[in-house]
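**Q** As a plain string of letters, each chain reads:
Number of protein chains: 2
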Amino acid sequence: MQRELVTHPGAVGIVAHDGERIWLVRQPREAVGVPDLLEIPAGKLDEEGEEPLETAKRELAEEIGKRAESWEPLGSFFTSPGFTDERVHLFLATGLSDVDETPEVQENERIDVDIRPLSELDELIGASLDSKTLIGLLHLRARRAR
Amino acid sequence: MQRELVTHPGAVGIVAHDGERIWLVRQPREAVGVPDLLEIPAGKLDEEGEEPLETAKRELAEEIGKRAESWEPLGSFFTSPGFTDERVHLFLATGLSDVDETPEVQENERIDVDIRPLSELDELIGASLDSKTLIGLLHLRARRAR
Chain A
1 MQRELVTHPG AVGIVAHDGE RIWLVRQPRE AVGVPDLLEI PAGKLDEEGE EPLETAKREL
61 AEEIGKRAES WEPLGSFFTS PGFTDERVHL FLATGLSDVD ETPEVQENER IDVDIRPLSE
121 LDELIGASLD SKTLIGLLHL RARRAR
Chain B
1 MQRELVTHPG AVGIVAHDGE RIWLVRQPRE AVGVPDLLEI PAGKLDEEGE EPLETAKREL
61 AEEIGKRAES WEPLGSFFTS PGFTDERVHL FLATGLSDVD ETPEVQENER IDVDIRPLSE
121 LDELIGASLD SKTLIGLLHL RARRAR
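Residue numbers (the numbering used here), protein chains in the order written: chain A, 1 to 146; chain B, 1 to 146.
Possibly wrong hints are sitting among the right ones.
For chains that are exact copies, the list does not tell them apart, and a pair is met inside one copy or across any two.
Stated by the list, open to error - Straight line, CA to CA, 20 Å or less: simulated SDA-like cross-link-like pairs of lysine to any residue:
1. K44 with L129
2. K57 with L124
3. K57 with E120
4. K44 with D98
5. K44 with D85
6. K57 with R141
7. K44 with I115
8. K44 with F83
Calculated from the structure, these hints are not laboratory results. Keep in mind that this is a model prediction, so the values were computed, not measured.
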């Protein structure tokens with residue numbers, strides 16, 4: 001049985017949409033034994049204690065080549081409080097535009113951008129297998145239903 | 001940076017309600033440095049490959065002393081696919097009744113039951129800091145809004 005406590009610097013996840021489409025990514029996830037997983041753009045905080053919003057801006061540019069005019073916090077959560085202190089901070093990013101230059105991406109990151117219509121939100125929620133993505137999309141659907 | 005892959009047998013989380021109240025639990029979570037965390041009843045699969053529904057029935061009895069007439073799967077998710085294969089299977093449990101005998105609880109589990117009115121669902125979602133609880137409550141709210 002897993003008893004050790006895994007320390008983690010924390011992470012961010014970004015729900016990025018333009019009212020019609022949502023920007024998702026696919027990347028290999030060897031830990032869970034699937035060829036790739038559909039996720040919201042995300043990434044780890046720098047070891048040096050980066051502010052979550054700064055991480056989110058950096059990751060949005062790195063992963064989908066966008067900046068956002070509006071950033072709204074969607075709360076945070078512990079992924080698995082029984083064995084790790086990993087906390088994920090979620091943001092809603094709108095007012096998207098292309099970054100002038102795509103930042104350098106680490107060599108070991110193989111990420112495919114997957115842009116989906118928001119009309120598919122129910123299906124995307126049903127198919128989501130990743131905690132941050134599921135929580136981000138459930139929050140988005142609740143807001144759009146208001 | 002955390003690079004190791006943590007193997008995990010998998011877990012369950014149970015959204016247990018009677019239409020008026022929801023059964024939550026509080027327990028110490030030293031991994032995340034909070035005195036206790038409000039969570040849905042939950043637990044790990046036995047090492048021997050227990051079926052998630054069996055785990056859920058066992059944990060509901062152990063943690064809140066209830067059985068349920070109706071069990072409905074709410075899907076499953078990976079808590080943090082970047083570094084662990086932990087997968088949580090969620091269930092909706094209704095038609096609750098007391099178990100005849102409270103099963104023996106492991107000595108190291110100090111769990112307090114916290115029964116909340118469903119009218120507080122928005123506040124509970126806002127205060128949830130645990131992935132399975134947040135996902136379970138967001139699913140429940142979406143169903144009740146239909």
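**Q** Give a verdict on every hint.
**A** Structure-based check of each hint:
no., hint, in the structure
1, K44 with L129, "both (19 Å within a copy, 18 Å between copies)"
2, K57 with L124, "neither (24 Å within a copy, 29 Å between copies)"
3, K57 with E120, "neither (25 Å within a copy, 34 Å between copies)"
4, K44 with D98, "neither (22 Å within a copy, 44 Å between copies)"
5, K44 with D85, "both (13 Å within a copy, 18 Å between copies)"
6, K57 with R141, "neither (23 Å within a copy, 30 Å between copies)"
7, K44 with I115, "neither (22 Å within a copy, 35 Å between copies)"
8, K44 with F83, "both (18 Å within a copy, 12 Å between copies)"
In this structure, the earlier hints numbered 2, 3, 4, 6, 7 are contradicted, and the remaining ones agree with it.
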